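A.B. asks: This is what each chain is made of:
There are 2 protein chains.
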Amino acid sequence: MVKFADRIQPCDNGLSDIFAYANDPALISFAAGYPNNHLFPQNELQTAFNASLTDSASLQYSSAAGLKSLRAKIAAHISDTKRTFNADQILLTQGAQQGLDLTAKLLVNPGDGVVVEAPTYLGALSAFDAYQPTYYEVSLQDDGMDLSVLQKTLMTHSVKFIYTIPDFQNPTGSTLSLAKRHALLQLAERYDVIILEDSPYRDLRFSGDSLPSLASLDTTDHVISLGSFSKILSPGLRLGWLVAAPQFLQPLTELKLGNDVQSSTLVMNAIDQYLTEHDINTHIAKMNRAYVVKMNTMLNALDRYLPATVSFTKPTGGFFIYLTLPAEIDANQLLKQVILPEAKVAYVPSGSLFPVSHQANGIRLNFTNLDNDTIESGVKRLGKILTAVLRQPKYAKL
Amino acid sequence: MVKFADRIQPCDNGLSDIFAYANDPALISFAAGYPNNHLFPQNELQTAFNASLTDSASLQYSSAAGLKSLRAKIAAHISDTKRTFNADQILLTQGAQQGLDLTAKLLVNPGDGVVVEAPTYLGALSAFDAYQPTYYEVSLQDDGMDLSVLQKTLMTHSVKFIYTIPDFQNPTGSTLSLAKRHALLQLAERYDVIILEDSPYRDLRFSGDSLPSLASLDTTDHVISLGSFSKILSPGLRLGWLVAAPQFLQPLTELKLGNDVQSSTLVMNAIDQYLTEHDINTHIAKMNRAYVVKMNTMLNALDRYLPATVSFTKPTGGFFIYLTLPAEIDANQLLKQVILPEAKVAYVPSGSLFPVSHQANGIRLNFTNLDNDTIESGVKRLGKILTAVLRQPKYAKL
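Chains B and D, in that order, are what the protein sequence lines are. The numbering of the first sequence is full-length UniProt numbering, which starts it at 1 and goes up by one. The numbering of the second sequence is full-length UniProt numbering, which starts it at 1 and goes up by one.
Keep in mind the hints are simulated off the structure, nothing from the lab. None of the values given here were measured: they were computed from a predicted structure. Check each hint, because a few of them may be wrong.
Once the Cα atoms are required to be at most 35 angstroms apart in a straight line, the calculated DSBU-like pairs of lysine-lysine come out as [what the hints assert, rightly or not]: (1) D:K3 <-> B:K82; (2) B:K68 <-> D:K314; (3) B:K286 <-> B:K344; (4) B:K73 <-> B:K294; (5) D:K73 <-> B:K3; (6) D:K336 <-> B:K68; (7) D:K3 <-> B:K73; (8) D:K286 <-> D:K314; (9) B:K180 <-> D:K68; (10) B:K294 <-> D:K68; (11) D:K3 <-> B:K68.
Derived CB-CB ranges, DEER-like [stated by the list, open to error]: (12) B:T54 <-> D:E189: 18 to 24 angstroms; (13) D:P246 <-> B:S56: 49 to 55 angstroms; (14) D:S357 <-> B:D55: 55 to 61 angstroms; (15) B:V356 <-> D:M155: 56 to 62 angstroms; (16) B:P341 <-> D:D6: 46 to 52 angstroms; (17) B:D209 <-> D:V356: 21 to 27 angstroms; (18) B:T387 <-> D:S63: 49 to 55 angstroms; (19) D:T54 <-> B:D373: 23 to 29 angstroms.
Every residue gets a Cβ at the ideal spot worked out from N, C-alpha and C, and that includes glycine.
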């Protein structure tokens, strides 16, 4: 049998058990991170694809960097009072996910340090793992990473980049405060470390004012920033973007060529067409009005049904709420042995979201792709079984 | 300045000079490998995208492996009298290019041996380079790789995979004979080495009978095989496929998840819809009728205008014809210094297509995306200047 490369490791992220129940009509799944099917601008996209397909060039190769007029529109969308971006600072990618792969590919030799928030996005770890980094976890507070822990890490270890989801973090929903954004940039500059900013949920703010992105505050070329149409338009199109200074963008574009030549000309043309005809911010505002109701339905139900020993985050946007169980509980074992078979509720257990400590007592819940009644019923079922379980000392061993 | 990973090397593939002339209306470019814009089934694809966009599921996430009904149709398309494939043996990818990246990612540690045909496809080298292989070149004969050279390499070096384009090879147009297909598989089995079969041009046969693919002849799970809709339907859609045994397909699918989560649900649904409504073989036959005329136009013009010291291949399909100049000529220097500025003709020079020997006296010409008159004029200009150049001893130093 041919030997695989060292980067290939057997993986068990605790999600395969959920698939065994996927076809059970009684299952209520809070596990996936899907936008709501009913909120896609389906007719508008149909019109845009139709228009794009009147030009045969949409079916031809185009360029690795991606359609320039679309990059210009993205640049305008991400510009703010702090900084104006332009098309030449942007590379189009297959969702933000490809930006994670390309950035790690650009920077990481086996053993190089990568700082991640703890917990963090599972898909980022699966992108980074291929380059065999040494992970350092930095715990999260209500206003983002604990920067004293970060500084200690940067002082004592060689780190290539700091991976952060500053807006409505996956899985906790927390947002990095403005003060911490400035402090984080100062640390990156002082220790000459890249910040990889991943912000697919940035526009999904339900209250308060948007904070400037790390990219817009960066004056020393220390930020590579990722965005995506997946959460604000459609994940089925697979289009995202990467913003970086030229010294990074040029080799990242070469890596994109090697990965998959370029993104789909048709998809790029159709999204460009959609953005010409429609104000995406109007669409985003409509989504946010629906999502905030779902989030509040979930928060109210958690308040009502969860036992007092389980705490949960209260985000102001995004896709997720994060529950913390008593420290001795393993949410993955609990899911497999009790919650899936008895309560027919699914969630993402936290163990695989902490690449070093594997803290197992966390639960990620998604609220965007279920109707309000289902959210209420699912949380009720989850709360009931957690209440029962946490009363019984034997579950402390799960 | 943050240090890049060791895999990032400065690259000069000799193609950047062509871009300086790209906007010159007098330029005739045989450099790109584009299918013909006029041959896309544009209306049929428009109808297919329209139909797919009546279902909001086309805009949602689906699966890393890709749409099962499309995988089943691909399996039927690639099945032959030797072997019947099924959907579960297939992973959908971003063009065949992503299959090159994923396979190297699965198998190659820095320094591991990779055998390539000499010359080979530049994009494959740019995919493989990221995993820092040691390349071994195997020279090409009219009927494919020189297997005695290959055997010597396998006897004396540790090799992870043999990369081959068996049908209408890029850049030479040569096709691996049936006898050599069997012999190659025997070598792969004997030395327990993977064959990476890359066959995007397979269906573009202008005469003779199709030979069984290496995948269809493989009885010992030694072949990973790549195909693509890019050359038979549209490269702007970015959809290809990878065929492999389960022990490879499962980790390759995990790598695909980390690379970009999945291919576009919409694009997969629309191609599936197109294949339901239309016989792609009828479309392919129509393309082949147009391409064979273009190829013969080019071959006839080469016969007429090239000096006798320049030889060229005579393919029976595909996209390319390969010219061999006298050994002392550097086709890249010649392109930059004489042919682009004076004759306004572009081609791909061979230096970067040989990763070890950098043999510089070859030229790749594409014939698919130009009309017949332009092919004739371009070859005439190329022949005229090559005749002049090769008469002058000073060009021997180029």
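A.B. asks: Now tell me, hint by hint, if it's right for this structure.
C.D. replies: For each hint, the structure was consulted:
1. D:K3 <-> B:K82: Distance of about 28 angstroms is within 35 angstroms: holds.
2. B:K68 <-> D:K314: violated (39 angstroms)
3. B:K286 <-> B:K344: OK: K286 (chain B) and K344 (chain B) at ~31 angstroms, within 35 angstroms.
4. B:K73 <-> B:K294: Cα-Cα ~30 angstroms, so holds.
5. D:K73 <-> B:K3: Given pair K73 (chain D), K3 (chain B) holds - Cα atoms ~31 angstroms apart, limit 35 angstroms.
6. D:K336 <-> B:K68: With Cα atoms ~28 angstroms apart, K336 (chain D) and K68 (chain B) stay inside 35 angstroms; holds.
7. D:K3 <-> B:K73: Roughly 31 angstroms separates the two Cα atoms, so the pair holds.
8. D:K286 <-> D:K314: holds (21 angstroms)
9. B:K180 <-> D:K68: Distance of about 46 angstroms is beyond 35 angstroms: violated.
10. B:K294 <-> D:K68: holds (32 angstroms)
11. D:K3 <-> B:K68: holds (29 angstroms)
12. B:T54 <-> D:E189: 18 to 24 angstroms: violated (51 angstroms)
13. D:P246 <-> B:S56: 49 to 55 angstroms: Violated, since P246 (chain D) and S56 (chain B) (Cβ atoms, about 39 angstroms apart) do not stay within the stated range.
14. D:S357 <-> B:D55: 55 to 61 angstroms: Between S357 (chain D) and D55 (chain B), where Cβ atoms are some 42 angstroms apart, the hint is violated.
15. B:V356 <-> D:M155: 56 to 62 angstroms: About 44 angstroms separates the Cβ atoms of V356 (chain B) and M155 (chain D), which means 56 to 62 angstroms is violated.
16. B:P341 <-> D:D6: 46 to 52 angstroms: The hint (46 to 52 angstroms, Cβ to Cβ) holds, given that P341 (chain B) and D6 (chain D) are roughly 48 angstroms apart.
17. B:D209 <-> D:V356: 21 to 27 angstroms: violated (58 angstroms)
18. B:T387 <-> D:S63: 49 to 55 angstroms: Since the Cβ atoms of T387 (chain B) and S63 (chain D) sit about 35 angstroms apart, the hinted range of 49 to 55 angstroms is violated.
19. D:T54 <-> B:D373: 23 to 29 angstroms: holds (27 angstroms)
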